[in-house]
Amino acid sequence: MSNGLMTAKILREEKDELEAEWLESLSEVGIRRPELLPDAELRQQCEEVLGLLAEAAEGDLADYEPSNSADARELLAEISHSRVRVGVSPRENTRFILTLKRPLFRRLFDRAEGTEELSEEVWLANQVLDRLALLIVESYQTSRESVISRQQEELLELSTPVVKLWNGVVALPLIGTLDSSRTQVVMETLLERIVSTGADTAILDITGVSTVDTLVAQHLLKTVEAARLMGADCIISGIRPQIAQTIVQLGLDLSSVTTKASLADAFAYVLERRADDAAYLDPGTLETDD
Amino acid sequence: MNSRIPILKIGSFLLASIQVELDDELAVSLQEDLTQAITKHGAKGVLIDVSSMEIIDSFIGRVLGNVAACSRILDAVTVVVGMRPAVAITLVEMGVGLHGIRTALNVDRGLALLREATERPAAG
Chain A
1 MSNGLMTAKI LREEKDELEA EWLESLSEVG IRRPELLPDA ELRQQCEEVL GLLAEAAEGD
61 LADYEPSNSA DARELLAEIS HSRVRVGVSP RENTRFILTL KRPLFRRLFD RAEGTEELSE
121 EVWLANQVLD RLALLIVESY QTSRESVISR QQEELLELST PVVKLWNGVV ALPLIGTLDS
181 SRTQVVMETL LERIVSTGAD TAILDITGVS TVDTLVAQHL LKTVEAARLM GADCIISGIR
241 PQIAQTIVQL GLDLSSVTTK ASLADAFAYV LERRADDAAY LDPGTLETDD
Chain B
1 MNSRIPILKI GSFLLASIQV ELDDELAVSL QEDLTQAITK HGAKGVLIDV SSMEIIDSFI
61 GRVLGNVAAC SRILDAVTVV VGMRPAVAIT LVEMGVGLHG IRTALNVDRG LALLREATER
121 PAAG
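Just so you know, the sequences run in chain order A and B. Under my numbering, the first residue of the first sequence is numbered 1, with each subsequent residue one higher. Under my numbering, the first residue of the second sequence is numbered 1, with each subsequent residue one higher.
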């Protein structure tokens, strides 16, 4: 019968009292931590969540599904994000919402003590808050994942150092696993550096690469080809015996690419090739023509 | 047909620097102009500077290939210089390898390459 009318009424009419009590409960259970989250911000978050619920209470609370509401998703994402940033655990983050149960239920008891509707009202209020809690878990997760993916990107950029070996010679030692996104970054960084240093030879050293699959090999070939289009020679060095076997077994054609056993071999080859040009034997004083 | 790519003569080489957006029509007229100029001046080498080009599509890529093929028949070497990284990546991704075309980082290097390429057979 009641259909959450009382809960809705409380949410609409007793917002301020609820907020005060909620904050109190938060400090009781020990998750009101001003050293992590400033009190003003916490207060603001409480207010916004209650505002959201009050708005939801205008409609039918039984049907309220916060994950369908863009406002709710946005608000909870914001709340989770502010907590992820300061390192609050997912448990505490969820508990923030669940703590609202106590003040809300207490109010329900005050109003409906002993009536038949009480259990129904409590059940409904419980459901609404549980849905909200589930959503906040999800948004916490999303927020965390975005942090991780950002770190991954940063790592990616750090892991492609292009070093100048000699005047007009750059080397890119690759370490770790090469996946498509990384090879893409490798390609871009190398080409950018070829332009900025005016190098006419680039050495791709894959000594530190443990596995090469078809896709990676394809990308390496593309890098070599793109470097050639720009007017630079690209040498691949440090191919491990296992990788050489894989490449042959996969039937990849590396005949268009100069390959050398080690970075030292590749470097020696480069120097030898330009031995007739005395200017190039100078390791770096020659002005690059840009 | 109102604008054309200027072709400059440097010694026995020709330089075409593409500073404007190259549409298909302009590309074809560049090909015609270049082949004519090679015969007219008896040029031994052609430099095509693409350093200002932000987009090279497959058609332009093919035109560049054609220019190289034509000049080879007319006994001139073609060098494409100054291709930007993004352009190079796109061309490779599209599978336009520009095979048979020589490349260099900039006009200076391209000139050096041409001198080397044209002097060697004479010396040998």
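Please keep in mind that the hints were generated in silico from the structure rather than gathered at the bench. A couple of the hints might just be wrong.
[Unchecked claim] To be clear about the criterion: a stretch of chain B counts as covered by chain A if any three or more of its residues have a C-beta under 8 Å from a C-beta of chain A, and this derived list gives those stretches:
1) 80-93
2) 106-114
[As the list claims (entries may be wrong)] Here are some chain B residues the structure puts well away from chain A; computed CB gaps all over 10 Å:
3) Arg4
4) Thr39
5) His41
6) Ser52
7) Ile55
8) Phe59
9) Asn66
10) Ile73
11) Asp75
12) Leu98
13) Thr103
Glycine is no exception: its CB is placed at the ideal position from the N, C-alpha and C atoms.
Hint-by-hint comparison with the structure:
1. By the rule of at least three residues with a Cβ nearer than 8 Å to a Cβ of chain A, the coverage given for the region 80-93 of chain B holds, with 12 such residues.
2. Against chain A, the region 106-114 of chain B contributes 4 residues with a C-beta closer than 8 Å to a partner C-beta. That satisfies the three-residue criterion, and the hint holds.
3. The Cβ of Arg4/B sits about 25 Å from the closest Cβ of chain A, beyond the 10 Å cut-off, so the non-interface label holds.
4. With a least beta-carbon separation of about 27 Å from chain A, Thr39/B lies farther than 10 Å from that chain, consistent with its non-interface assignment.
5. With a minimum CB-CB distance of about 24 Å to chain A, His41/B clears the 10 Å threshold, and the non-interface call stands.
6. With a cut of 10 Å on Cβ distances, Ser52/B stays outside the contact zone with chain A, its closest approach being about 14 Å.
7. The non-interface label for Ile55/B is consistent with chain A: the shortest C-beta to C-beta separation is roughly 14 Å, beyond 10 Å.
8. Taking the minimum C-beta to C-beta distance to chain A, about 16 Å, the non-interface status of Phe59/B holds against the 10 Å cut.
9. At roughly 17 Å from the closest C-beta of chain A, the C-beta of Asn66/B stays outside 10 Å, upholding its exclusion from the interface.
10. With a cut of 10 Å on Cβ distances, Ile73/B stays outside the contact zone with chain A, its closest approach being about 23 Å.
11. Against the 10 Å criterion, Asp75/B stays outside the reach of chain A, whose nearest CB is about 22 Å from its own CB.
12. In this structure Leu98/B is not separated from chain A by more than 10 Å, as the shortest Cβ-Cβ distance comes to only about 6 Å.
13. Thr103/B, annotated as away from the interface, has a beta carbon of chain A within 10 Å; the closest lies near 4 Å.
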